[in-house]
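To get our numbering, take the position in the sequence shown, counting from 1, and add 9.
Just so you know, these hints were derived from the structure itself, not from any lab. These numbers were taken from a predicted model, which means no experiment stands behind them. C-beta: ideal position from N, C-alpha, C; glycine also.
Between beta-carbon pairs, the in silico distance windows are:
hint: 1; residue 1: Ala-53; residue 2: Lys-121; range: 25 to 31 Å
hint: 2; residue 1: Ser-43; residue 2: Gly-113; range: 17 to 23 Å
hint: 3; residue 1: Gly-113; residue 2: Lys-34; range: 34 to 40 Å
hint: 4; residue 1: Ala-53; residue 2: Ser-118; range: 27 to 33 Å
hint: 5; residue 1: Glu-37; residue 2: Ser-133; range: 16 to 22 Å
hint: 6; residue 1: Gln-129; residue 2: Ser-50; range: 27 to 33 Å
hint: 7; residue 1: Arg-91; residue 2: Thr-22; range: 18 to 24 Å
hint: 8; residue 1: Asn-11; residue 2: Asn-63; range: 31 to 37 Å
hint: 9; residue 1: Pro-49; residue 2: His-135; range: 19 to 25 Å
In the DSBU-like style, the derived pairs of lysine-lysine whose C-alpha atoms are separated by at most 35 Å in a straight line are:
hint: 10; residue 1: Lys-115; residue 2: Lys-14
hint: 11; residue 1: Lys-121; residue 2: Lys-34
hint: 12; residue 1: Lys-81; residue 2: Lys-21
hint: 13; residue 1: Lys-90; residue 2: Lys-21
hint: 14; residue 1: Lys-14; residue 2: Lys-90
hint: 15; residue 1: Lys-81; residue 2: Lys-121
hint: 16; residue 1: Lys-14; residue 2: Lys-121
hint: 17; residue 1: Lys-21; residue 2: Lys-115
hint: 18; residue 1: Lys-34; residue 2: Lys-81
hint: 19; residue 1: Lys-14; residue 2: Lys-34
hint: 20; residue 1: Lys-121; residue 2: Lys-90
hint: 21; residue 1: Lys-34; residue 2: Lys-90
hint: 22; residue 1: Lys-115; residue 2: Lys-90
hint: 23; residue 1: Lys-21; residue 2: Lys-121
hint: 24; residue 1: Lys-81; residue 2: Lys-14
hint: 25; residue 1: Lys-115; residue 2: Lys-81
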Amino acid sequence: MNWQKYINELVKTEHVAEAAIIELKTGEVLASTSGLNLLPSEAAGIAVLSRDYNHVFAQGVRVAGITYMGLKADATSIYGKRGTTGVTIAKSNHVVVVGTYTDGMKPESSEKAIEQLAAQLIQSGH
10 MNWQKYINEL VKTEHVAEAA IIELKTGEVL ASTSGLNLLP SEAAGIAVLS
60 RDYNHVFAQG VRVAGITYMG LKADATSIYG KRGTTGVTIA KSNHVVVVGT
110 YTDGMKPESS EKAIEQLAAQ LIQSGH
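Based on the sequences and whatever the hints tell you, model everything.
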């Protein structure tokens, strides 16, 4: 599976600054943008939070050395914010799509792009 093509397409929307796709069960990073310095422990933590999202509000979401305050967490997605930047995490059947937005990007547009990719992956059996 060429996971990198999904990341490239996501960033081309210009609604997502950095992105990654993480294997849901193992926490392995399958693809990412070169600017997203996601530690293995962070990727594993994101995979765990996607399965057990009740801790998002207490501990936040850590991505590439930044802890984002949890804004929303449910069975399909997690939203985090820090100042004018944020992160969206959307779960499919087997992977987690992670995307960040930066100052000047609309959070709603970023969230929509990431969640649409997760929905596309679900439809294709991933």
